[in-house]
Amino acid sequence: MGTRPAKGDVCGFFCGIRGHVCCNQKTPSIAAGMDEQALLGLNPNADSDFRQRALAYFEQLKISPDAWQVCAEALAQRTYSDDHIKFFCFQVLEHQVKYKYSELTTVQQQLIRETLISWLQAQMLNPQPEKTFIRNKAAQVFALLFVTEYLTKWPKFFFDILSVVDLNPRGVDLYLRILMAIDSELVDRDEARRNTLIKDTMREQCIPNLVESWYQILQNYQYTNSEVTCQCLEVVGAYVSWIDLSLIANDRFINMLLGHMSIEVLREEACDCLFEIVNKGMDPVDKMKLVESLCQVLQSAGFFIIDQEEDVDFLARFSKLVNGMGQSLIVSWTKLIKNGDIKNAQEALQAIETKVALMLQLLIHEDDDISSNIIGFCYDYLHILKQLSVLSDQQKANVEAIMLAVMKKLTYDEEYNFENEGEDEAMFVEYRKQLKLLLDRLAQVSPELLLASVRRVFSSTLQNWQTTRFMEVEVAIRLLYMLAEALPVSHGAHFSGDVSKASALQDMMRTLVTSGVSSYQHTSVTLEFFETVVRYEKFFTVEPQHIPCVLMAFLDHRGLRHSSAKVRSRTAYLFSRFVKSLNKQMNPFIEDILNRIQDLLELSPPENGYQSLLSSDDQLFIYETAGVLIVNSEYPAERKQALMRNLLTPLMEKFKILLEKLMLAQDEERQASLADCLNHAVGFASRTSKAFSNKQTVKQCGCSEVYLDCLQTFLPALSCPLQKDILRSGVRTFLHRMIICLEEEVLPFIPSASEHMLKDCEAKDLQEFIPLINQITAKFKIQVSPFLQQMFMPLLHAIFEVLLRPAEENDQSAALEKQMLRRSYFAFLQTVTGSGMSEVIANQGAENVERILVTVIQGAVEYPDPIAQKTCFIILSKLVELWGGKDGPVGFADFVYKHIVPACFLAPLKQTFDLADAQTVLALSECAVTLKTIHLKRGPECVQYLQQEYLPSLQVAPEIIQEFCQALQQPDAKVFKNYLKGELEQQPQVCSIQKPLV
Numbered sequence: 001m002g003t004r005p006a007k008g009d010v011c012g013f014f015c016g017i018r019g020h021v022c023c024n025q026k027t028p029s030i031a032a033g034m035d036e037q038a039l040l041g042l043n044p045n046a047d048s049d050f051r052q053r054a055l056a057y058f059e060q061l062k063i064s065p066d067a068w069q070v071c072a073e074a075l076a077q078r079t080y081s082d083d084h085i086k087f088f089c090f091q092v093l094e095h096q097v098k099y100k101y102s103e104l105t106t107v108q109q110q111l112i113r114e115t116l117i118s119w120l121q122a123q124m125l126n127p128q129p130e131k132t133f134i135r136n137k138a139a140q141v142f143a144l145l146f147v148t149e150y151l152t153k154w155p156k157f158f159f160d161i162l163s164v165v166d167l168n169p170r171g172v173d174l175y176l177r178i179l180m181a182i183d184s185e186l187v188d189r190d191e192a193r194r195n196t197l198i199k200d201t202m203r204e205q206c207i208p209n210l211v212e213s214w215y216q217i218l219q220n221y222q223y224t225n226s227e228v229t230c231q232c233l234e235v236v237g238a239y240v241s242w243i244d245l246s247l248i249a250n251d252r253f254i255n256m257l258l259g260h261m262s263i264e265v266l267r268e269e270a271c272d273c274l275f276e277i278v279n280k281g282m283d284p285v286d287k288m289k290l291v292e293s294l295c296q297v298l299q300s301a302g303f304f305i306i307d308q309e310e311d312v313d314f315l316a317r318f319s320k321l322v323n324g325m326g327q328s329l330i331v332s333w334t335k336l337i338k339n340g341d342i343k344n345a346q347e348a349l350q351a352i353e354t355k356v357a358l359m360l361q362l363l364i365h366e367d368d369d370i371s372s373n374i375i376g377f378c379y380d381y382l383h384i385l386k387q388l389s390v391l392s393d394q395q396k397a398n399v400e401a402i403m404l405a406v407m408k409k410l411t412y413d414e415e416y417n418f419e420n421e422g423e424d425e426a427m428f429v430e431y432r433k434q435l436k437l438l439l440d441r442l443a444q445v446s447p448e449l450l451l452a453s454v455r456r457v458f459s460s461t462l463q464n465w466q467t468t469r470f471m472e473v474e475v476a477i478r479l480l481y482m483l484a485e486a487l488p489v490s491h492g493a494h495f496s497g498d499v500s501k502a503s504a505l506q507d508m509m510r511t512l513v514t515s516g517v518s519s520y521q522h523t524s525v526t527l528e529f530f531e532t533v534v535r536y537e538k539f540f541t542v543e544p545q546h547i548p549c550v551l552m553a554f555l556d557h558r559g560l561r562h563s564s565a566k567v568r569s570r571t572a573y574l575f576s577r578f579v580k581s582l583n584k585q586m587n588p589f590i591e592d593i594l595n596r597i598q599d600l601l602e603l604s605p606p607e608n609g610y611q612s613l614l615s616s617d618d619q620l621f622i623y624e625t626a627g628v629l630i631v632n633s634e635y636p637a638e639r640k641q642a643l644m645r646n647l648l649t650p651l652m653e654k655f656k657i658l659l660e661k662l663m664l665a666q667d668e669e670r671q672a673s674l675a676d677c678l679n680h681a682v683g684f685a686s687r688t689s690k691a692f693s694n695k696q697t698v699k700q701c702g703c704s705e706v707y708l709d710c711l712q713t714f715l716p717a718l719s720c721p722l723q724k725d726i727l728r729s730g731v732r733t734f735l736h737r738m739i740i741c742l743e744e745e746v747l748p749f750i751p752s753a754s755e756h757m758l759k760d761c762e763a764k765d766l767q768e769f770i771p772l773i774n775q776i777t778a779k780f781k782i783q784v785s786p787f788l789q790q791m792f793m794p795l796l797h798a799i800f801e802v803l804l805r806p807a808e809e810n811d812q813s814a815a816l817e818k819q820m821l822r823r824s825y826f827a828f829l830q831t832v833t834g835s836g837m838s839e840v841i842a843n844q845g846a847e848n849v850e851r852i853l854v855t856v857i858q859g860a861v862e863y864p865d866p867i868a869q870k871t872c873f874i875i876l877s878k879l880v881e882l883w884g885g886k887d888g889p890v891g892f893a894d895f896v897y898k899h900i901v902p903a904c905f906l907a908p909l910k911q912t913f914d915l916a917d918a919q920t921v922l923a924l925s926e927c928a929v930t931l932k933t934i935h936l937k938r939g940p941e942c943v944q945y946l947q948q949e950y951l952p953s954l955q956v957a958p959e960i961i962q963e964f965c966q967a968l969q970q971p972d973a974k975v976f977k978n979y980l981k982g983e984l985e986q987q988p989q990v991c992s993i994q995k996p997l998v
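Each residue of the sequence shown is one higher than the last, beginning at 1 in the UniProt record's numbering.
Treat the hints as calculated values from the structure; they're not laboratory data.
Remember, predicted model here, so these are calculated numbers, not experimental data.
Certain hints may be false.
Unchecked claim - Here are the simulated lysine-lysine pairs, PhoX-like style, with alpha carbons at most 20 angstroms apart:
id, residue 1, residue 2
1, K937, K977
2, K580, K538
3, K338, K386
Stated by the list, open to error - Taking CB as the label site, the calculated pair distances span:
id, residue 1, residue 2, range
4, P864, E669, 11 to 21 angstroms
5, Q969, E801, 43 to 53 angstroms
6, Q911, Q969, 21 to 31 angstroms
7, D367, Q911, 54 to 64 angstroms
8, E801, A565, 40 to 50 angstroms
9, R113, D313, 37 to 47 angstroms
10, L803, E705, 25 to 35 angstroms
11, F418, I342, 48 to 58 angstroms
12, P794, N420, 52 to 62 angstroms
13, D367, S118, 48 to 58 angstroms
14, A672, A401, 55 to 65 angstroms
Ideal Cβ placement from N, Cα and C applies to all residues, glycine included.
Generate the whole structure from the sequences, applying the supplied hints.
So this is what it looks like as structure tokens:
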């Protein structure tokens, strides 16, 4: 069976299917659409065209009502030896069982059962086992059939399987694979009720027999077939969580498993199996006895002597087992304490204490996987100690031992690659996070001990840092850094309050900044130095005399001018934080800092070939820092303005030159790099404005003129026909900032900027432009009414033009862009109506107003987008509130009854209106608000219309109409919202109602 069939053989099989399908389907598309070459696409080495054609054929077979029967026959009769064909047949059967089983006749269902049993019988006789991927797929099909039929038509499933496989190794392998596939199906949360029923029935009918079969398999194959034995141990581990534990946790099974712990090829799987057993939920006293008996046997067998074991893979599993045993004992202790069973709780605590020495051996192990696996036990043990009122000397010693282990394990090893961090490095970073949690828990148990231990390590290391290895220096500083979170205080006030703690931390920080360790020639030490300095920035308010030396470290070759790009980048961010947090203490150094960072602020045009020390992203932090220094200084406004102009003028000058170059550039790559540079210039100027606040506004600092000059410099980029996307994006962001900073001074620039941004628009451009108009509208309201009146319809025309552009039916990207633009459009209308600017819409002429209103109705009803629907109902509700009274615009009352009222019913009755979705529930809530608002504005007339005209036209029962109108008239809006939601959930059949929109 391992030989590849002749090409004709493969084709013969598929021709059989073709013929079969053609006989039973009116359309012979399967036969017509496939040829011999296409069938070769089943082979994974085939090219993509063949694979696509084979895939298409498979899809056709899936929808055929009986093509699966040919696949079933081929499997039962072992007609074909090609592995890919066999796998293909199982795939067809799998689809049939999974999705179409209920459509089959009783005879057809019986055929599938017989096919699988026949195939299984054949495996007993095969000279060679099937490939693993085929066995796994077969097991999946068996499992699917099991969950479908076990409770009804195939209660003897396991007995039938076992009668076929007996103890044949080939059969046992498949039996175990089927059991694992069934376990996978039984953990499916979507089928929780079904799975519970199956488990209950299995517990009643067959679990003891299955357990007996596992025992027989383990006993027969433990010395002769390690693969089958390991599979069986995996099955036991998987099933033990939900079967009667006494079937497994008994002398014969446990003794066998402990025996497996001494067999090299079995012990890892045996470890995992024992772990699942001790993890099983059970009575706390019974659990304690089980764990203790296991521990005694393991200890007697020498497993607790860790330093004699060289197999790290086994030790990692063993560490996981010890962790499970330790945590199980802790759970038992917690339950016993809660139940008031002090005697047994004391025994449990004693049992836990006897495992601590082993836990420490595993925690300190040089292999991080072994250490990581025991951290849970360690963490929970510390949690127990935290709850005890007094610690014994041994417990205090244990705490200190854990502390020393954590400090040692935090240390980098020689192999850590700092320049090119890969998977191993990422795993160590995660492991360090686990150790940090242990350190935090240690601080809760004994903060004084932790502080003293860290201080001892820190002081001794920094005394001789010049001759100490980098990893020891780094971890010493790291421990000081970690104390900040381990010993939490309010607002970082580590240097006040508890005198002894404050004194210790102050002493360590003083040592850090005066020792010269910032000059250590390793990136990890340098970064840890700066991270710690920023973490303890409050130290510098207590001892400000150290600020100059730390500033120099930031500004010279140790920080922003370090040889490592990684250090420079991180330092740029940390320097920004340092300056912001100590803004008042920075006053004496402002101009010196600004002079020293001058070269770091330079815009690097693409043609000069000069590689800047900092990336553009890093430069953003430096510009922001410069802005913060100027704005927060104690200088008068004139000096602030002069410094800000000195900062921004070079940017403006460079911007003008680069924009001219861009207009002349021919090469697209050069255009792109010039546009990038221009965008950076705008971004840098924008970032400086983040320094301003309500207490320090642009006007108060005398900087308005500088930023208005920036605006005048940057706005011409909007009319550049090249690289429009990136240039518009940058200028648009700057305008957002200036609306906040310059307030009404920005208004004269808005009309011209808007006109340029509306030219040659794509969906994305409009989507990003609308928030700018929303911001202006919401902020300035009536001040911008003339501008809004003027640009309202041009903006809408641009939006409609993009929305009406034809797109490919399957173009998901275009569909999403249109959906997002539609949302933006409705958000714009919501902003206009919500800002008291409804007259802007009213003044657009009757025809335009109607068109706008119709689009809102369409948004509420026609598009299955609950976010847009919610916005549309908010708009409609607001318009009804503003215009829906007796003195509203002519014809609006008619519009309310003809369009808005129907929309409030048609939207929730759509099939796509899914009340299981949170956004849809919000849309329904706004829909209810709209109806309430109509009732509020129109009064009894609204109720009369609903009772006598609209609801009867939908053929709603009179008693439902009565209920609805009563709920609508309730003063509390929540009552009506809940009523509406309840009705829709109870009466999904109403969803078939359809009425024309307009």
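So, going through the hints one by one against the coordinates:
no. : hint                            : result
1   : K937 / K977                     : 18 angstroms, holds
2   : K580 / K538                     : 12 angstroms, holds
3   : K338 / K386                     : 16 angstroms, holds
4   : P864 / E669: 11 to 21 angstroms : 43 angstroms, violated
5   : Q969 / E801: 43 to 53 angstroms : 44 angstroms, holds
6   : Q911 / Q969: 21 to 31 angstroms : 30 angstroms, holds
7   : D367 / Q911: 54 to 64 angstroms : 57 angstroms, holds
8   : E801 / A565: 40 to 50 angstroms : 46 angstroms, holds
9   : R113 / D313: 37 to 47 angstroms : 42 angstroms, holds
10  : L803 / E705: 25 to 35 angstroms : 42 angstroms, violated
11  : F418 / I342: 48 to 58 angstroms : 53 angstroms, holds
12  : P794 / N420: 52 to 62 angstroms : 53 angstroms, holds
13  : D367 / S118: 48 to 58 angstroms : 49 angstroms, holds
14  : A672 / A401: 55 to 65 angstroms : 60 angstroms, holds
When held up to the earlier numbered hints, the structure conflicts with 4 and 10 and fits the remainder.
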